[in-house]
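Student: These protein sequence lines map, in sequence, to chains A and B. Counting in the working numbering, the first sequence runs from 2 upward without gaps. Counting in the working numbering, the second sequence runs from 1434 upward without gaps.
To be clear, the hints were calculated from the coordinates, so they are not data collected in a lab. Glycine residues also receive a C-beta, built at the ideal position from the N, C-alpha and C atoms. Please note that the accuracy of each hint is not assured.
Calculated lysine-lysine pairs in the DSS-like style (CA-CA distance at most 27 Å, straight line) [as the list claims (entries may be wrong)]:
| no. | chain 1 | residue 1 | chain 2 | residue 2 |
| --- | --- | --- | --- | --- |
| 1 | A | Lys222 | A | Lys501 |
| 2 | B | Lys1490 | B | Lys1460 |
| 3 | A | Lys514 | A | Lys464 |
| 4 | A | Lys16 | A | Lys136 |
| 5 | A | Lys553 | B | Lys1437 |
| 6 | B | Lys1490 | A | Lys557 |
| 7 | A | Lys26 | A | Lys180 |
| 8 | A | Lys229 | B | Lys1437 |
| 9 | B | Lys1490 | A | Lys553 |
| 10 | A | Lys560 | A | Lys406 |
| 11 | A | Lys8 | A | Lys269 |
| 12 | A | Lys406 | A | Lys358 |
| 13 | A | Lys231 | B | Lys1490 |
| 14 | A | Lys180 | A | Lys459 |
| 15 | A | Lys8 | A | Lys141 |
| 16 | A | Lys204 | A | Lys141 |
| 17 | A | Lys269 | B | Lys1437 |
| 18 | A | Lys280 | B | Lys1490 |
| 19 | A | Lys141 | A | Lys17 |
| 20 | A | Lys464 | A | Lys560 |
| 21 | A | Lys464 | A | Lys116 |
| 22 | A | Lys501 | A | Lys514 |
| 23 | A | Lys280 | A | Lys298 |
| 24 | A | Lys231 | A | Lys207 |
| 25 | A | Lys588 | A | Lys26 |
| 26 | A | Lys557 | B | Lys1437 |
| 27 | A | Lys560 | B | Lys1460 |
Over the 12 Å line for every Cβ pair with chain A, so calculated as not near, a few chain B residues [stated by the list, open to error]:
| no. | residue |
| --- | --- |
| 28 | Met1451 |
| 29 | Pro1466 |
| 30 | Asn1480 |
| 31 | Glu1481 |
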Amino acid sequence: MHGWNGKILRVNLNKKTSAVQSYDKDFALNYLGGRGFAARILWDELPAGTDPLSPQNKLIFATGPLTGLPVASSGKIVVAAKSPLTNGYGDGNLGSRAAVTLRKAGYEALVVEGKADSPVYVLVEDDSVEIMDAKDLWGKGTFDAEDDLTATHGKSAGVLLIGQAGENLVKFAPVMSQKGRAGGRPGMGAVMGSKNLKAVVIKGTKDIPLADPDSLKELGKDAYKDIKGKESYDFWIRQGTMQALEWANESSCLPSYNFREGVFDEAKGIDGYKVEELKVDRRGCPNCNMQCGNVIKDVEGQEAELDYENVGLLGSNLGIGNLKEVALLNRLADDWGIDTISAGNIIGFVMEASERKLIPENYKWGSVDDARTIMEAIAFRKGFGNTLAEGVRHSAATIGKGCEKWAIQCKGLECSAYDCHAAPGMALAFATSSIGAHHKDAWLISWEIATDRSGYNKEKVAKLIELQQLRGGVFESLVACRLPWIEVGFALDWYPKFLKAATGEDLSMDNLKTAGDRIYALIRCFWKRENPDFGRSWDIPPERWFTEPLTKGPMKGTKVDREGYTRMQNWYYEMRGWDSNGIPTRKTLEALGLADVAGALHIA
Amino acid sequence: MNVKFLGWISSLAGRREMQVDIDNPAKLGDILPFSLQGRSIIIIVNNEPGSGETMVKNTDQVTLMPVISGG
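Generate the whole structure from the sequences, applying the supplied hints.
Tutor: Below is the structure:
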């Protein structure tokens, strides 16, 4: 087989053993890699009802057929497990040398099973696999721990690890790498912590088997050149994703004050132009010529890597208009290994609860000290932080008194930095995303604003599904970064060409989209199996967007119309081939080659 | 008429904002300092989607934005 190594490495922490499992071309073509591999493995191997923080859960690190190749933005890895935050399928991707080294060690995926008796890390060096003592690393932040591991194993080693938040089983702790890269928002870091697994260190020196390495090398060169030649490239290098802050503020979708508003009076203090003023460095993932990590010095003089999501949630959503203060919060989150999006969302929720005097603590909007206090309480599970560490849905249920209406989450995952009062299609995107409210799958807002943001129509739903196929299906499974495609206009037809040279297979975009549909349907069925009451009531965005209109900005007075939303939800299920409760029909599953899944769920 | 250029569109326009006085309604595409042809740009006129063909007048607020992908 070309393009794929055809091997999955398995490590069992209970038994202190490892094994290599082969897979065939059918599996590769049907599930591609990354998210597709992870979803199928979790479906096949996880007993229904598995406690996500038990040794029975499986933590999967998965790459795809483009990972680590000399093509644009291919240095990413997916980390997946059953989520302790949502009790459904959870995953995320992050850029890391470990993505490249895992492939070069000869594997597409690493599956970690069981639980170690004491803190360990897994060391993979090509065919050698060792379970190493990590007692000296336990309790350290991700920055120091990664430095220690790199000092021991060399700079060529890829490191994936958790901070104190993952150790403390904070349910939105992600997996971290390279001091600022994070993936697996729905608690993949907590799953890692539950296994007493501090880190995975991977070194690889082998060649990835390719169908036509010369053509791939030439294509890769041409592609990098194509990206650099785009007229939006220079500006991207200046601001990266931070250009979205001005964009979102002008479009009334910048989350402000716990998603009450879509505009922020102090936006200029935290936007991409402010980043340009303060920038001291730029970081990125391996194999990328669009490095998007903007590094500035925070209020304590330490370096912090910023992107739009961090700044939207830890800045405007908390009423903080000083970028150096936002950077401090961001650095602490990265070091403690806590998700910046969920953290900003929950801190905003707490500030609002305090303002409404629903909790005894007195926290103020705009106070970086208060935000830091709350974040530290979460990361170390101190006091009320122990409740907040369970996520905003759980926290709202604990406080009660109607605050569930302004707990900004879908399926238990806190929303990314796009307020949807005036973007009903994006609200549907968040609500139907396969991991909860995350922008990776959930994306329509740019197209929606460009075409018809107030409408509730079938065109919007069809576009959402197409974008989910591509973003959540294809890119997450190949595994490649989506940013070159949309941000600088790198054409999608490069990807079948890359795949042809890598694998020798003729895979059209339609083939890839079908694989995306297969993966989406399988994930949907996973949610149903793990949550018997799963259905359309799980696909509803936060109540605030339906009932509390914006009070400021050009879209003042706007909110989501519930009837219009319900119509789009119905069309979404119809177009997906799912029943009126949002469950894939047997016909749909059979057409996607998932008859066994239909049978397991007893779908008639 | 006020025109805002966001993101990389500001590089294209050579400025972040432009004030234009027009005596009579005109096609937006005829007023801009660059061609829209072959470019993927979101055009908003008074909070509504527009295009280069949209007829604009002196009191209008126009925003040209890049297509973005999220952070």
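Student: Tell me if the straight-line CA distance from A:Lys8 to A:Lys269 falls inside 27 Å.
Tutor: Given that 27 Å is the threshold and the Cα spacing comes to 49 Å, the pair is violated.
Student: Take the C-alpha atoms of A:Lys406 and A:Lys358, compute the straight-line distance between them, and say whether it is at most 27 Å.
Tutor: holds, 16 Å
Student: According to the definition I'm using, a residue is off the interface if its beta carbon is farther than 12 Å from all beta carbons of the partner; does B:Glu1481 meet that for chain A?
Tutor: The claim breaks: B:Glu1481 does not keep its Cβ more than 12 Å from every Cβ of chain A (closest is about 9 Å).
Student: Is the nearest Cβ of chain A still more than 12 Å from the Cβ of B:Met1451?
Tutor: holds, 15 Å
Student: Has the given pair, A:Lys231 with A:Lys207, been kept, meaning a C-alpha gap of at most 27 Å?
Tutor: violated, 34 Å
Student: If you draw a straight line from the CA of A:Lys464 to the CA of A:Lys116, is it 27 Å or shorter?
Tutor: It is violated: about 43 Å lies between the C-alpha atoms, which goes past 27 Å.
Student: Under the criterion that the straight-line Cα-Cα distance not exceed 27 Å, is the pair A:Lys557, B:Lys1437 satisfied?
Tutor: Holds, because 20 Å separates the two Cα atoms, which is no more than 27 Å.
Student: Can you confirm whether the C-alpha distance between A:Lys560 and B:Lys1460 stays at or below 27 Å?
Tutor: This hinted pair is violated, its Cα atoms lying about 32 Å apart.
Student: Non-interface claim for B:Asn1480: all C-beta distances to chain A beyond 12 Å?
Tutor: violated, 5 Å
Student: Take a quick look at whether A:Lys141 and A:Lys17 sit within 27 Å of each other, Cα to Cα.
Tutor: At roughly 24 Å apart (the allowed maximum being 27 Å), A:Lys17 and A:Lys141 satisfy the hint.
Student: Quickly compare the C-alpha distance for A:Lys204 and A:Lys141 to 27 Å and report which way the hint goes.
Tutor: holds, 22 Å
Student: Assess, step by step, whether the Cα of A:Lys229 is no farther than 27 Å from the Cα of B:Lys1437, and give holds or violated.
Tutor: holds, 26 Å
The structure shown violates the earlier hints numbered 7, 11, 13, 14, 15, 18, 21, 24, 27, 30, 31.
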